[in-house]
Amino acid sequence: MNRTWLLRGGGLLLLLLLPWVLRDRLSLTIPLVIGLHAVLAIGLTLLAGQAGQVSLGQAAFYGIGAYTAALLTVRLGWDPWVALGMAVLVATSLAYALGAPVMVLRGHYLVLGTLALNVVVEVILRNWQDLTGGANGLSGVPPLHLGPLGELRGTLPYYYLTWGLVLLSLRMGHNLLRSRAGRALAAIRASEVAAVSLGIPPTRYKLQLFAYSAACAAVAGGLYAYELGFVSPSPFGFELSIAVLVMSVLGGIHHLPGAVLGAAIVTLLRELLRSLLPQLFRGGASAEYEAVVYGLLLAATVIAAPTGLWPLLTYWTRRPAQELRIQLERPVPPPPAQVPTDPIGPAHGSDPAVEVRSVTKRFGGLVAVDGLSFTVRPGEIYAIIGPNGAGKTTVLNLITGLLRPTTGTFALFGFPVHTLPPERIASLGVARTFQTPRVVWDLTVLDNVRLGMHLHLRTGFLTSLLGLNRGEEVRSTRQAEALLDRLGLAAHAHEIAANLPFGSLRLLELARALALRPRLLLLDEPASGLSGEQRGELARLIQEIREEGTTVVLVEHDVGMVLQVADRVLVLHQGRCIAEGSPAVVRAHPEVISAYLGPGGVQVATPIPGDLRSGQRAQA
Amino acid sequence: MKPLPAQGSPEEARDLRGHLQVYDLHASYGPIQALRGATLECAPGEFVAVIGPNGAGKSTLLRAILGLLPHRGEVLLDGRSLRALPTENRVRCGLALVPERRQLFDTLSVLDNLLLSGFGRGLSRPRMEERLRLVFSLFPVLAERQRALARSLSGGQQQMLAIGRALMSEPCVLLMDEPLLGLAPLIVSELLGLLRRLCAQGLSVVLVEQNARAALSVADRAYVLERGRIVQSGPARDLQADPAVQRAYLGGPPEPEASSGRES
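Each protein sequence line maps, in turn, to chains A and B. Everything in the first sequence is counted per the working numbering, starting at 1 for the first residue and increasing by one. Everything in the second sequence is counted per the working numbering, starting at 1001 for the first residue and increasing by one.
Misleading hints may appear alongside valid ones.
[As the list claims (entries may be wrong)] Ranges of calculated distance between the beta carbons of each label pair, as one might list FRET restraints: (1) B:PHE1105 - A:HIS494: 35 to 43 Å; (2) A:LEU112 - B:PHE1105: 37 to 45 Å; (3) A:LEU276 - B:ARG1036: 41 to 49 Å.
[Said to hold, decoys possible] A few chain B positions that, by computed beta-carbon distances, are all more than 12 Å from chain A: (4) GLN1021; (5) LEU1068; (6) ARG1080; (7) LEU1111; (8) VAL1141; (9) ILE1187; (10) GLU1190; (11) GLY1193; (12) GLU1209; (13) ASN1211; (14) ALA1248.
Please keep in mind that the hints were generated in silico from the structure rather than gathered at the bench. The beta-carbon is built from N, C-alpha and C at its ideal position, and this holds for glycine as well.
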């Protein structure tokens, strides 16, 4: 930790004293430009690292910021600060307008969209002479003014303003990563299916982050215009967008401060090349050679240090911290938290928890669910069993809205939901687990559970950026710790989820589902991969959850467990119901035996309660 | 492509008997020691189960035997060391793995997934067809859906494909990591029955299973792995009757007198 603070303090001191070290004021321009580029790169690093979306439009938003500020002050005589605000507004609106249709599509369409934007912006800046002044640009942009300091002229005040902005955007980015919005973005990155099942709308979060990266660029652009007093199209060309991408990758796409490092290296390199290349190649065309150098640099980074330079730089500061973390075995249990157990969603009366009416689902020629109807009563444990490929998981996917029925309808607690998107169905109080646990590998166990609380937390994107979420964070941490304690995972709370063995991942996913405080809980093979002891725990837990008023739908092959906990059992075969009823009835059903259980000794992991074999239901 | 070492040639592999010996195996993930000197043996035609709690190193054990991660210690097949061989050559020597979490080739068809495994071992066409018949008779649904993409199968069917793929390589030692995960009871008993028949014909099986009840009921011998070390071993029947094993891995005594033996 000491080393980290040493690094930070040293960096800050260097920033403060740099203007006095560089007596010659002209050369202060380079540190200023590094700062402006760092802001652009921070925006892109957040977008690429957190939302997995690459933008090639940072230069365009930078230009839009600069030109909006310049035009409003020069042509309309606006106050520079107001014009700067307007520049941010224009850039974010444009980002929303461009991003909304693009972000709905999965994959790398944003790259194409922003590439086009950059070209369009460049053409407009150069050719709309009447508005932008064309290639000659706009001059006479007034400087900013700041209270008693009056008008800010010269490079020095802008140097401090820009680096203040760099530190602010680092801080805000850091806040974002440790907030509800940051966790939501991590979930979207890991699995959109899991994210929507927790009520997280992926498009909205990706759009917000894109708009934020555009806003960062616009502020930098405004500062640029005010400092120089002049704007022209050339600094906002496509090459700069490429350079910003190189900065982000070079610094490390998952390391926010790396963006500053990358900006420094690339900007210095650029200055060096601009003085060096014309001497080497007298024929001109040095800009093309510049692009070649960026390309080589990018390739070398991806091959030699795929996670960027920042982790290498900070290696010596992290080592003692890691040793510390291993010693951190929490000897004192955390104070018990008040865990609200009241489920979310609208109150319901006697309506069935799940009502499926003649639902069919076809995948091409394959009929996965074939005219299926069943009803789950509120507060019951309803098991669905059947051979592999019978359509059990498809039924869960239909109920949670991940799939749409080909024909038929279904209702949850009396609400028709077959047309709702999955995140809306989740907000009715529906939580689920997946056959293959879909946890967020790079988040801690604790944060994975807090993801489940997404619908209960209120912190939005902006409040996350500003760090105004402390109270809620503390509360949600306590509640998550209590849940982990309940599932026996408390010792792993601060580990990265990827380090957990398979069985614990299942329990973690269950904890996350419970964090949603569901009134309907859908479990897809929760016992597979669990040890005998854990299966016993799980069976007990499922019964406890039901006692708390949650309806449970359970898909499971561990017949011993199903017979032990279920109130009623539905047996699916080729998408149709072949039997429904109490466990004892289903177990004795001849068709169930021939299609599913098999005639001989069933190799179940949980011992089948002895009295059930004689046809009597055990007292749970 | 590197030339294969002599002991990896398929002709010779046919004569292998599948005697697997593992001595003092160590492996770690970064600072975490997953295996701390595991020693076990699987005789030709023997069915060995490895049970143990979550995180004991069971999957790591199989991955190390196949050479999927760096390890110290000795792995012998019929007395010959595999230590210097990369994974693909160990597969050519007759090892096959049913990996944890399936790891299929999602965008290939069911049939291509199976055939690739046969190609990887270097099987001749007739022997591949013979193997394919065996796999399809065990899992008829795979024959029905052989043109479908692997990712379009249901979870349990994907598990069948992962097992089928391993069987396709005509292994002499079959390493299985939780192969029963997500399989219906009927399929589980059919699969275990087939494995027993293959063992009778000389196949050696090392089965890692959370479902200790099923594993112990079918295996000849079993090992208990805890914290990267073998802490107990013996005939599966003896372990099944061992009170400590019952408590830890079988969810209490198998035939409770009262309604539930778990609470006692």
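Structure-based check of all given hints:
1. B:PHE1105 - A:HIS494: 35 to 43 Å: This hint holds: roughly 36 Å between Cβ atoms.
2. A:LEU112 - B:PHE1105: 37 to 45 Å: For B:PHE1105 against A:LEU112, whose Cβ atoms are near 29 Å apart, the range 37 to 45 Å is violated.
3. A:LEU276 - B:ARG1036: 41 to 49 Å: violated, 56 Å
4. GLN1021: B:GLN1021 is indeed farther than 12 Å from all Cβ atoms of chain A, at 26 Å.
5. LEU1068: It holds; B:LEU1068 is separated from chain A by about 16 Å at its closest Cβ, greater than 12 Å.
6. ARG1080: Non-interface label on B:ARG1080 holds, nearest chain A Cβ at 32 Å vs cutoff 12 Å.
7. LEU1111: Its Cβ never comes within 12 Å of chain A, the nearest being 17 Å, so this holds.
8. VAL1141: At roughly 6 Å from the nearest Cβ of chain A, B:VAL1141 sits no farther out than 12 Å, so the non-interface label is violated.
9. ILE1187: The claim is violated: B:ILE1187 sits with its nearest Cβ about 6 Å from chain A, within 12 Å.
10. GLU1190: The claim breaks: B:GLU1190 does not keep its Cβ more than 12 Å from every Cβ of chain A (closest is about 8 Å).
11. GLY1193: violated, 9 Å
12. GLU1209: Nearest chain A Cβ is 9 Å from B:GLU1209, so the label is violated.
13. ASN1211: Check fails; 4 Å does not lie beyond 12 Å.
14. ALA1248: Violated, since 6 Å does not exceed 12 Å.
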